[in-house]
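Protein chains in written order, with our numbering: chain A, 335 to 675; chain B, 11 to 297.
These are calculated hints, taken from the structure and not from any lab test.
Computed footprint of chain B on chain A; a stretch qualifies when at least three of its residues, placed anywhere within it, have a C-beta under 8 Å from a C-beta of chain B:
id, region
1, 441-450
2, 458-469
Label pairs and their in silico Cβ distance ranges:
id, chain 1, residue 1, chain 2, residue 2, range
3, A, L350, B, I267, 56 to 64 Å
4, A, F631, B, I178, 30 to 38 Å
5, A, L627, B, I267, 43 to 51 Å
6, A, Y497, B, A126, 35 to 43 Å
Computed list of chain A residues with no C-beta within reach of chain B, every gap over 12 Å:
id, residue
7, R473
8, A501
9, I606
The beta carbon of each residue, even a glycine, is placed where N, CA and C say it ideally should be.
Here is what each chain is made of, one letter per residue.
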Amino acid sequence: MAKILNKRIIIPALVLFAIVFPFVTQNDYFIHVMTLSFIWMIGVYGLNLLAGYTGYLSLAHAGFFAVGAYSLGLLTVKAQMNFWLAFVLALMITSILGFFIGLIALRTKEHFFAIYTLCVGYILYLVIDKWDSLTEGVRGLIGIPAPGNIGPISFETPLSQYYLVLAILLGVILIVYRIVHSLTGRTYIAIRNSEDLAQTIGISTMKTKLEVFVLSTFFAGLSGALYASFIRFIGPDIGNIVITFDLLTYLLIGGIGTLSGPIVGTVLVVWISQQLQFLQDYRMLIFGPILTLLVIFYPRGIAGSIAGWNVKRAEKKLAKAQLEERFSQSSISAKNQVKEG
Amino acid sequence: MEILVQQLFNGLTIGSVYALVALGLTLVYGILHIPNFAHGALYMMGGYITLMMMVQYGLHYWLAILVSVIVVGLIGVLMERLVFYPLRHAPPIHDKIAAIGILLFLEAFAQYVWGADYQTMPTPYGQVIQLFGLTFTMQRLLIIIAAIAVMVLLYLFLKKTYTGSSIIAMSQDRDGANLVGINTNRVAMLTFLISGGLAAIASSLAAPINLVFPGMGQLVILKAFVIIILGGMGSIPGAIIGGYILGFSESLGATYISNDYKDIIAFILLVIILSVKPTGLFAKGGH
Numbered sequence: 335m336a337k338i339l340n341k342r343i344i345i346p347a348l349v350l351f352a353i354v355f356p357f358v359t360q361n362d363y364f365i366h367v368m369t370l371s372f373i374w375m376i377g378v379y380g381l382n383l384l385a386g387y388t389g390y391l392s393l394a395h396a397g398f399f400a401v402g403a404y405s406l407g408l409l410t411v412k413a414q415m416n417f418w419l420a421f422v423l424a425l426m427i428t429s430i431l432g433f434f435i436g437l438i439a440l441r442t443k444e445h446f447f448a449i450y451t452l453c454v455g456y457i458l459y460l461v462i463d464k465w466d467s468l469t470e471g472v473r474g475l476i477g478i479p480a481p482g483n484i485g486p487i488s489f490e491t492p493l494s495q496y497y498l499v500l501a502i503l504l505g506v507i508l509i510v511y512r513i514v515h516s517l518t519g520r521t522y523i524a525i526r527n528s529e530d531l532a533q534t535i536g537i538s539t540m541k542t543k544l545e546v547f548v549l550s551t552f553f554a555g556l557s558g559a560l561y562a563s564f565i566r567f568i569g570p571d572i573g574n575i576v577i578t579f580d581l582l583t584y585l586l587i588g589g590i591g592t593l594s595g596p597i598v599g600t601v602l603v604v605w606i607s608q609q610l611q612f613l614q615d616y617r618m619l620i621f622g623p624i625l626t627l628l629v630i631f632y633p634r635g636i637a638g639s640i641a642g643w644n645v646k647r648a649e650k651k652l653a654k655a656q657l658e659e660r661f662s663q664s665s666i667s668a669k670n671q672v673k674e675g
Numbered sequence: 011m012e013i014l015v016q017q018l019f020n021g022l023t024i025g026s027v028y029a030l031v032a033l034g035l036t037l038v039y040g041i042l043h044i045p046n047f048a049h050g051a052l053y054m055m056g057g058y059i060t061l062m063m064m065v066q067y068g069l070h071y072w073l074a075i076l077v078s079v080i081v082v083g084l085i086g087v088l089m090e091r092l093v094f095y096p097l098r099h100a101p102p103i104h105d106k107i108a109a110i111g112i113l114l115f116l117e118a119f120a121q122y123v124w125g126a127d128y129q130t131m132p133t134p135y136g137q138v139i140q141l142f143g144l145t146f147t148m149q150r151l152l153i154i155i156a157a158i159a160v161m162v163l164l165y166l167f168l169k170k171t172y173t174g175s176s177i178i179a180m181s182q183d184r185d186g187a188n189l190v191g192i193n194t195n196r197v198a199m200l201t202f203l204i205s206g207g208l209a210a211i212a213s214s215l216a217a218p219i220n221l222v223f224p225g226m227g228q229l230v231i232l233k234a235f236v237i238i239i240l241g242g243m244g245s246i247p248g249a250i251i252g253g254y255i256l257g258f259s260e261s262l263g264a265t266y267i268s269n270d271y272k273d274i275i276a277f278i279l280l281v282i283i284l285s286v287k288p289t290g291l292f293a294k295g296g297h
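The shape of chain A in the complex, shown without the other chains (with noise of 0.2 Å):
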């Protein structure tokens, strides 16, 4: 069982799924489903870089995933630009926006910064909500393209749209594991550690979380971006805080600051959402409960758990291989002495 989880033949196979699902499934309904998941996972990758492995707990994502949707919605649909040139300036808005504000939120640590984050979530949540005469305020903006064709490629369809999202998401794992497994994902969890024994060892923390900070914030953007063309109309409620609380939900359940957590509570808890639909509402009178539970006894979430049983069982064989080696040499020179005595 072990081996046939290796993650040589787990990821291809995963990434194969993928591939085939439209195939096996032929829903349109399941389709969409999985394609909006693929974009949370996004955002919540970006979360995760930031929360999982610097430790900074950053309650402004959803204001920076509605920065995202709202300028790809206001340059496509006010200002009637070509959509792959709107959806390049959206991430580089958000970016840019990013940059600043993790310029000032960064100086702070903990508890502030958690707090400066929830209170800039909620300042850019109150401006697309308040700024009528741009953002439409309340009644949202309807009518955003799909994305544009790339040569003869169109993405009129669910399916193309299902495949363009899942590339993109790919794309950004890969990112995510190539910087998690650099010297830079290090550095991230040294900070992570201590902040200070980071800064001793001659890591200059504010230039690296400042990285971070702008592509999380990225990643956030991307998924607005995507979430936009996607659904094709915005309310300023995607803004709202309870958005970034359930980008922490997939994060958390997931295992934070793991590689395949947002992977797997993303998908785990979209797909409980769509069963218990009849919920609404009132899902998080499930969610809640075990958001506090996991965070209490399962504070590196599903993902987290399996590794950390991995590892154990791996040490205890390690151990009984050991004893088991020491056993027989000590019986070896038992003997021997018996034999020289």
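Given the coordinates of chain A, assemble chain B onto it according to the supplied hints.
Then chain B, alone, in the frame of chain A:
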């Protein structure tokens, strides 16, 4: 001129409510160093319980508030026992997330039990009174007087009683308090009880001039955080002064700047403060 006085009065009203909420938040922060994101949910629960007691069980306003204070206080104690106590040695990110989990649960709970609609709370003090050529509603006057009375009582409790001193001792140094024989567990529970009670009083007083709905705590709690950063995390006088500063700036801002953006004022204030001084105004080093 008349508008100014009227707005100052309004600022006093809102400020009193903010100060009460911020006091509960700052007490918990001072003792346990947890920014309790679920405090807004306690505020909301307080409003609903008072409303339910008055409408369904026909209790008098003050009696309903008393029931609400006890129930919400006990919810606070439960929170401490079941969630924050087991997490006392966990990394700082964990208790924040746990608090968010409680917040989400309580909001969904309120929506499930009482519905998502906005509800109005009846009050026996609806009269309008004329004073020095200005019009005041009785309820607003009541908010100010009751809030100040509660603050004075809290002050006397903390300064003059043995139990109160033990709370202060623990907020200064938990291990030290433990060494001199203070039962820190009991003090932590007591703090949550008081904190929840204050939130319940604040929402019960404010509900007749606002509305009761599941999300009513969200904005208030955010502003309470702004206040305790303004006043120094964990500082009791800071929370009171900060509450009134915010109350005044909001009501004046609503009249002279823009009513639409009045809620943003608090957050911009905070963004400016933390931009200039990342550890908050008047922060006592360490935390």
